[in-house]
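Trainee: Got chain Z sorted already, so can you dock chain F onto it with the hints?
Chains Z and F are the protein sequences, given in the same order. Residue numbers 1 to 378, in the working numbering, belong to the letters of the first sequence in order. Residue numbers 1 to 378, in the working numbering, belong to the letters of the second sequence in order.
Everything labelled a hint here was simulated from the structure, so no lab data went into it. Take the hints with a grain of salt, since some may be wrong.
[Unchecked claim] The calculated DSS-like cross-link candidates involving lysine-lysine, where the alpha carbons are at most 27 Å apart (straight line), are:
hint, chain 1, residue 1, chain 2, residue 2
1, Z, Lys94, F, Lys309
2, F, Lys81, Z, Lys357
3, Z, Lys297, F, Lys120
[Claimed, not checked] Chain Z regions said to be covered by chain F (calculated; three or more residues, Cβ under 8 Å):
hint, stretch
4, 87-99
5, 113-124
6, 150-159
7, 172-186
8, 294-300
9, 305-315
As the structure is a computational prediction, the values presented were derived from the model and not from experiment. Glycine residues also receive a C-beta, built at the ideal position from the N, C-alpha and C atoms.
2 protein chains.
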Amino acid sequence: MAKGATTSRGSGRNKARDAETLKKIERLAHQVVRTALAGDEPRIDIPTRAKSNTIWNKKRGILEMGDATSDRPLFDLKTAKQFMQTMLHAGTIKDLIDAAKTSSLRGVFYKAKHTISGTKENTFDAQEESDPILEDLEVTLGALREELHVFAENRGSMVGNITLIDKGDEINCRRMGSGGYALPSIVEPDVIQFGKCEAKFVLHVEKGTVWNRFNEDRFWEENNCILTHGAGQPPRGCRRLLQRLNQELRLPIICVLDCDPWGHYIYSVIKQGSISLAFESSRLAIPDAKFLGIRAKDYKECELGEAVKIDLTENDIKRAKEIAAYPWFEGHKGWRKEIQGLLNNGFKMEVEAMITKDISYVTEEYVPARLKAEDWLE
Amino acid sequence: MAKGATTSRGSGRNKARDAETLKKIERLAHQVVRTALAGDEPRIDIPTRAKSNTIWNKKRGILEMGDATSDRPLFDLKTAKQFMQTMLHAGTIKDLIDAAKTSSLRGVFYKAKHTISGTKENTFDAQEESDPILEDLEVTLGALREELHVFAENRGSMVGNITLIDKGDEINCRRMGSGGYALPSIVEPDVIQFGKCEAKFVLHVEKGTVWNRFNEDRFWEENNCILTHGAGQPPRGCRRLLQRLNQELRLPIICVLDCDPWGHYIYSVIKQGSISLAFESSRLAIPDAKFLGIRAKDYKECELGEAVKIDLTENDIKRAKEIAAYPWFEGHKGWRKEIQGLLNNGFKMEVEAMITKDISYVTEEYVPARLKAEDWLE
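Extracted from the complex, chain Z is given alone in its bound form:
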């Protein structure tokens, strides 16, 4: 491939977005400088990312961030360091955008980490201090991490009846063998565009090992769909791609997750968003995502044996009750019943336990039958 390809990768759309993000950073910097020059105390108002400031928008079906903000003044022992850290990261992001490059969360941490000259004080001691400052910048600037040119670990993969364009490369997901297309962390429209798509829905499974079973059985070909997994709790890149497939291509997102509080929580995050990322639910949440299984009723309905049972722990029971109290589950008859069913059973069931019926029971009988009957929770 010619080197010129790199140029075509920086599309006009990207540049416009970058220019806007840069303007936001400069506005923040100017405001601080202006205040300082006027002899006043520099301070930043940061929207509060906490449960107390998270609102369940029933109409939209997503979690949203409220209006509460917290003040971060420079001349305060409690906030002075964070103020400095916020400015350092804003500087790094400006550098990244200027260079038209992206960095990992860890890279941003290193970029800003140093010992302040003449002292033994580090700007940052650990990445755990650094990541929340980046989230602060996201909400303060009103720009997503992707727009700040920062990525996380890549996780998850994809096959199915769709073609993607990824940085100018055509990815035919119908011809991705046993491995599949590895989902990147940044999947915004300037990086990933959708090409031809025959698929009628997306089947999203929890783990790569389950995904392998569905891919080996060519489920996506038999059932004309796209097959994805997010290696557990799907990372932002995977969630954002699912949302784009849902909103832009109108594909239903149908989840096959474990019948346990962790599976329910994964679904909850895919559907309504999470408290920690409530500020970007409108870019990540998929309110009409469906939960096909595994369902508490399946033990009887599918005549599963003892082998599928894994006893609920004390902690599972506690988590199940917490999840049942989420307003979006509490007000939902089907979900109340589902979680109660799990508690009544007293055991969890994993998707992989379906192998006890037959190697391909889950791909050839269970999921197709439920799809046909439209038997799912939403």
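Mentor: Frame of chain Z, contents of chain F only:
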């Protein structure tokens, strides 16, 4: 794609291998039955997978399993359960091969897990009991896990100047965008074949986030190579693919890992194999793999700042000394010096710390200069 494609996926090669594995399983079963019918005690001799039975083959440069075996008789309270578990898993594997399907480790566990009728005794209580039994079968049958149709989690991805054929699908790794080709768990020649390859070497990096930096900077295009990562300690699929690229296409495998005991250990496993999988070093180890960096000397040589330092913990120091005592490091002047350098520094350095010099310092200056100078450890 037509359904017929599935047929072309089951190649003759695969069938021959499967027939051989089946024969081995049947031989094991016949032996047990024969002994029982003769009124003798059924027992299996299982090669010992332990440090005590691991031999460093200096000439070949790999770890190998010795000749020690341990007896697993049926009529012994200590081994009766394991005997039964071994037979159950052998049965599952026969079913998988008969069905021409593969299963995850967890699937195999579920397939065999049940309560023995009339008792409260489970065949298996947890997957931790199940995985070692599969490894026992691997060594007893002399068949790799891949040959037993069992896969692990998929991890790692790949881009670069090569075309692969994966189950009949042509994967052009030069056109995989920002995401890349997701490495599958089973990469044996009947699944993955190599097509056109211009690449002159493989650059293997530790983490997906580092891989992103190299892919974004089109390192593989600039330097005519293949770029892989294994998401930390590379899983078997990734190691086996690297070995095949090394042996079949004669590509040097050049590693860029963190300067810490974990990075050294990853390199050690890639190069010589591991104690727990010593029985398949000849299929996984890459004795001529090279360690390009990060090197202990880089702090001074690259004029890195304080920010890159992460203090060694007590545990790091202990691990570093253990690794230094591995015979393949102990007898290697360069590695003795390298580990001593790490200990003398008193701090670790991650690949991502190179960002403190410049965003693309690692891809545009550091690695190209070291490649040119052939400055690496091997």
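Trainee: If a hint holds in the structure, say so; if it doesn't, say that too.
Mentor: A quick look at each hint next to the structure:
1. Using a Cα cut-off of 27 Å, the hinted pair Lys94 of chain Z and Lys309 of chain F holds, with the two alpha carbons roughly 25 Å apart.
2. Restraint check: the Cα-Cα separation between Lys81 of chain F and Lys357 of chain Z comes to about 24 Å, which is no more than 27 Å; the hinted pair holds.
3. A threshold of 27 Å between alpha carbons decides the hint, and for Lys297 of chain Z with Lys120 of chain F the separation of about 24 Å falls inside it, so the pair holds.
4. Closer than 8 Å: that is the beta-carbon criterion, and the stretch 87-99 of chain Z has 3 residues meeting it against chain F, so the requirement of 3 holds.
5. As drawn, the stretch 113-124 of chain Z meets chain F at 3 residues by the rule of a beta-carbon pair under 8 Å; at three or more, the given contact holds.
6. With a threshold of 8 Å between beta carbons, the proposed coverage of the stretch 150-159 of chain Z by chain F holds, since 6 of its residues qualify and at least three are required.
7. Beta-carbon proximity to chain F at under 8 Å applies to 13 residues in the stretch 172-186 of chain Z; the threshold of 3 is reached and the given coverage holds.
8. A stretch counts as covered by a chain when three or more of its residues have a beta carbon under 8 Å from one of that chain; for the stretch 294-300 of chain Z and chain F the count is 0, and the coverage is violated.
9. Check result for the stretch 305-315 of chain Z against chain F: holds, 4 residues qualifying (beta carbon to beta carbon below 8 Å, three or more required).
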